[in-house]
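Residue numbers (full-length UniProt numbering), protein chains in the order written: chain A, 1 to 315; chain B, 1 to 529; chain C, 1 to 278.
Hints listed in this document are in silico derivations from the structure and should not be mistaken for laboratory results. The reader is advised that the hints may include incorrect statements.
[What the hints assert, rightly or not] So these bits of chain B aren't anywhere near chain C, every CB distance computed over 12 Å:
{"no.": "1", "residue": "PRO256"}
{"no.": "2", "residue": "GLN263"}
{"no.": "3", "residue": "ARG322"}
[As the list claims (entries may be wrong)] Here chain C is said to cover these stretches of chain A; the calculated rule only asks that three of the stretch's residues, wherever they fall, bring their Cβ under 8 Å from a Cβ of chain C:
{"no.": "4", "region": "89–96"}
{"no.": "5", "region": "238–252"}
{"no.": "6", "region": "291–298"}
Here the structure is a predicted model, which is why all the values come from computation and not from measurement. Glycine included, each C-beta is placed from N, C-alpha and C at the ideal position.
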Amino acid sequence: MTRYILTRLLSLVLSLVAASVAIFLVIEILPGDPAAIMLGVNAQPDTLAALRAEMGLDQPMVIRYLAWVGGMLHGDFGTSYTYHTPVAKLIGDRLAVSLPLALFSLLLTVVIAFPVGIWAAARRGSAADTLIMGITQLGVAIPNFWFAMLMVVLFAINLRWFSAGGFAGWDKGLLPALKSLTLPAVALALPQASILARVMRSALLDTLSEDFVRTARAKGLSRAKALRRHALRNALIPVLTIIGMQFSFLLAGGIIIENVFYLPGLGRLIFQSISARDLITVESVVMLLVFAVILVNFLVELAYALVDPRLRSGR
Amino acid sequence: MSLLDIRNLSLSIHGTPILHDVSLRLDPGRILGVIGESGSGKSMTAFTVMRLLPEGAEASGQVTLDGQPILSRSEAQMCALRGRDIGMVFQEPMTALNPLKTIGDQVAETILIHEKIPKRAAMIRAAKALARAELPQDRFPLSRYPHELSGGQRQRVVIAMAIALRPKLLIADEPTTALDVTTQAQILRLLTRLVREDGMGLMMITHDLAVVAEMADEIAIMQKGRVVEAGPTGALLENLQHPYSRALLAASTHAPARSPAAQDTPLLEVTAVHRFYPTPRKSLFGAPGRFHAVKGVSFKLRKGESLGLVGESGCGKSTLTRAILGLEQIQDGAIRLNGRPVFQGRQPDPEVRRRMQVVFQDPYGSFNPRHRVGRLVAEPFHLSPNMPRAERDTAVAEALTAVGLTPGDADKYIHEFSGGQRQRIAIARALITRPELILLDEAVSALDVQVRARILDLLADLSARYGLSYLFISHDLSVVRAITDRVMVMKAGEIVEAGPTETVFRDPRHPYTRQLLAAAPRLPEGLGS
Amino acid sequence: MSPMRFLRSRNLVIGALLTGLFTGAALLSFLWVPYDVTQMDIAHKIKPPSGVHWLGTDHYGRDILSMIMVGARTSIAVAVLAVGIGMGLGVPLGLWAAARRFSLLDEVIMRGNDLVFAFPSLIIAVMITAILGPSATNAIIAIGIFNIPVFARLSRSGALGLWNRDFILAARVAGKGAMRISFEHVLPNILNLLIVQGTIQFSMGILAEAGLSYVGLGAQPPTPSWGRMLADSQTMISFAPHMALFPGLAILLTVLGLNLLGDGLRDLLDPKLRRGRT
Chain A
1 MTRYILTRLL SLVLSLVAAS VAIFLVIEIL PGDPAAIMLG VNAQPDTLAA
51 LRAEMGLDQP MVIRYLAWVG GMLHGDFGTS YTYHTPVAKL IGDRLAVSLP
101 LALFSLLLTV VIAFPVGIWA AARRGSAADT LIMGITQLGV AIPNFWFAML
151 MVVLFAINLR WFSAGGFAGW DKGLLPALKS LTLPAVALAL PQASILARVM
201 RSALLDTLSE DFVRTARAKG LSRAKALRRH ALRNALIPVL TIIGMQFSFL
251 LAGGIIIENV FYLPGLGRLI FQSISARDLI TVESVVMLLV FAVILVNFLV
301 ELAYALVDPR LRSGR
Chain B
1 MSLLDIRNLS LSIHGTPILH DVSLRLDPGR ILGVIGESGS GKSMTAFTVM
51 RLLPEGAEAS GQVTLDGQPI LSRSEAQMCA LRGRDIGMVF QEPMTALNPL
101 KTIGDQVAET ILIHEKIPKR AAMIRAAKAL ARAELPQDRF PLSRYPHELS
151 GGQRQRVVIA MAIALRPKLL IADEPTTALD VTTQAQILRL LTRLVREDGM
201 GLMMITHDLA VVAEMADEIA IMQKGRVVEA GPTGALLENL QHPYSRALLA
251 ASTHAPARSP AAQDTPLLEV TAVHRFYPTP RKSLFGAPGR FHAVKGVSFK
301 LRKGESLGLV GESGCGKSTL TRAILGLEQI QDGAIRLNGR PVFQGRQPDP
351 EVRRRMQVVF QDPYGSFNPR HRVGRLVAEP FHLSPNMPRA ERDTAVAEAL
401 TAVGLTPGDA DKYIHEFSGG QRQRIAIARA LITRPELILL DEAVSALDVQ
451 VRARILDLLA DLSARYGLSY LFISHDLSVV RAITDRVMVM KAGEIVEAGP
501 TETVFRDPRH PYTRQLLAAA PRLPEGLGS
Chain C
1 MSPMRFLRSR NLVIGALLTG LFTGAALLSF LWVPYDVTQM DIAHKIKPPS
51 GVHWLGTDHY GRDILSMIMV GARTSIAVAV LAVGIGMGLG VPLGLWAAAR
101 RFSLLDEVIM RGNDLVFAFP SLIIAVMITA ILGPSATNAI IAIGIFNIPV
151 FARLSRSGAL GLWNRDFILA ARVAGKGAMR ISFEHVLPNI LNLLIVQGTI
201 QFSMGILAEA GLSYVGLGAQ PPTPSWGRML ADSQTMISFA PHMALFPGLA
251 ILLTVLGLNL LGDGLRDLLD PKLRRGRT
């Protein structure tokens, strides 16, 4: 077990290093001087030189990379060119919206998908199963931002249950904040829940045809009990993989959904930074999102080991 | 009154008839062997008794256990019966256990399903059941997971699960087919002992006549969904009536007529061959370990000779085969064909390679399903480029004819052929370059006995006609005895005994050879002649 | 025919019809559209569906049906090219990794894939746009890069299973090299997998393109695109819901059609199911 965790941890660190190098190189190597891009076509030579010095562009590439990574390790993400505030502070404020949104929608995804997938698998081939699979087929195909717009029309404009956009802020208490995140979270979760429910169902059906389920039935377990006690945990392995991938979709998808609901999250920040050509902020936000994805994959791999004793013993 | 009484059982799945009027009886404390080739309906009979049939199955007739009807029971009643009154053991022990649960939990589950007792008490009884299945607690604690056990040990866990509640009936569906001979013998002994101790009835399903001949009290022979013959083992085998059962017995003991034609010139020379595999690192920064799969093997195969190589799984015989074929590099030693090394540096020598061909075990996996037979058979010509198309077609036609197929079969796809025909096509592919040596890697192991007998005849015939030499690799002693002049016994990467086949079989010197021979199930002497 | 079998073939039929409908609309738009989409007609702006404009007009008075037809070109082109990039680079990488399975090369290829997977396509798009500026080409590159590991992993795992099969051993005994075996024996046998996955990635590409152009990272105006139409409709959604409804439905139905087609093809091509039938 220790060996498994250490190996995974090592690969986590290596992935982070590789990802940071990749992001750094993309910004470096792609045509154009970052400072010139940031200032636009009409930049004055002296402003350009000042910005180049501020960004450290006069230094060798390796030094700049190390300075960037070293800074991030201390929580120093540099200073935003447009906002003139530390990027770390900017990101911190926006993360207070984006992270809860991603977690909220992940929770919804799992809470919807698990029962639906299990229920459909247990009734494979029935009318109920066919109906559910048809609905999830629609759910997979629906663009989440369009679904969000439809929900705004229905729940905010017509029924007036929710506000059409904006974020109440955490300082006003938990409930108003959660309420303003509810529609965005549902919009993000529905397509992902449809995918996960389908994965759950097919993973369960795959395990149900395994020999050990037949063994369990020969002991006297009913179909339903064999599914619960033997198939479910085995089906969790592919399901966990998908959940890990979905978290990254939810984080990234949040960027779009925030646009629909005018939420002050990372998505708004990243688009504002792009239009202001604030590469320092873009670079840091991308690194942060990638860090989150890699971290979640690491957690998923730990979860594998909890589920599967074969991994714990280390092959 | 019989324990199990099956009368006029018929079964169809989605309208396709599977069983016709099957009638069988089994008394307590007795063993009923049900024999048949694949597709004979023997497993379906067992699954009908368990009522674990695939969707769309419809059974008619009568099945009673201890006088109680089975077919009319509700699913809930069947759940109460399965595991308590009927236990079942399956063919494939590697997949029959839930990989995520400990063996203790899995055995205790049988008890907890049927009895309202605390988990602790169930675990104690699970330990007892495992001990009866010869997995004592001091060596195999309840906390073990299936992946920590070997195939034979896992089969014991499955048996412990099946007998934990001392059921009246135990059904074993090919319980030893996936196991090595020595393990098979132990499992068969265990099953027999449990039957006698508990007074259970055992329905033993197998394709192997020899297995049931040794242990069953009664035998039923099935063909195409019907019982063609049934009765007490000894009397039945001595006086078989039905043509099918006679053919089955004849095929089981079949030895093709062959005239040894070994010359003195060596064809294949294997000298002090070593093969290591790296194994995963034990610790994060430790050096990788190595597994010594072949430990200094040397032998000579003479021209025209048929040489057998027997051993159990993991003994290194497959590794050795691959090394001879030039598929894997060896770390030390030399392999020569007609005096020329198989490897020229790191690359196998194409000239040497075309002089030897191979036939694999699985007739279903040996061919690219997307190519026509003509292209498949001609594949070894890859080593003779610039061959005219017409010459190639003639060679394919000749090879197909030689193995008893027709030249027209070249235009068909592989899925149009049965397992036996596919193995003929595999042999045609091996023949096409007119090699001197053919490696037969478990080439008849996946075939039903009757098909196997015909393929063995074909091999004997081809060797006489084309002066072929064979290296016959198998775990099956009876087949090796029937088709080889000399035999080598391999264990843990070494050849422990070698000699003329009859001598080795009649007078084995090495303890391991003796153990193997003793473990192999045998038909009573004098049958089938 | 059993009900489930009928459903399976129904998937295929509906999927093919929907896919054909939108591909047909895209192709037709090159020859003919009801109204010119480059012409504004402010007098008839924001009109609900009617006999004149079947799906209504937008805030510049452009015909929404025509916009959807022309927008289908963008969506389909972006998705097809992105799948092309993914397959063209991913499949050879996967086959190569499988041919040298468990070697250092294999490890490097697969870790590289993992790394790309850590960047969701949207993030790749954001990075590219931040530097090169938004355009349909950059959307194609972003979605395409993300498709590479999908196809690389799929072909590697499919190929790994095949490399253990006896017919590949037989080809090796015949003296064929890894490259030749990969293309002659491995590729044809994983083609089914690739076709099915290709359909699914195609549909995901449509969704991704819509998302990117919705946030302004895709095709730039005046090129019509479904995502851009939805973005434009957002501020008018309370009084002109038709502007949001129809482009959204177009995305939904195209993606649904492709998914159904993929499912139907899988059932048709899956060797496991086919073996069950014979």
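Hints broken by the structure, by number, lowest first? Per hint list: 3 and 4 violated.
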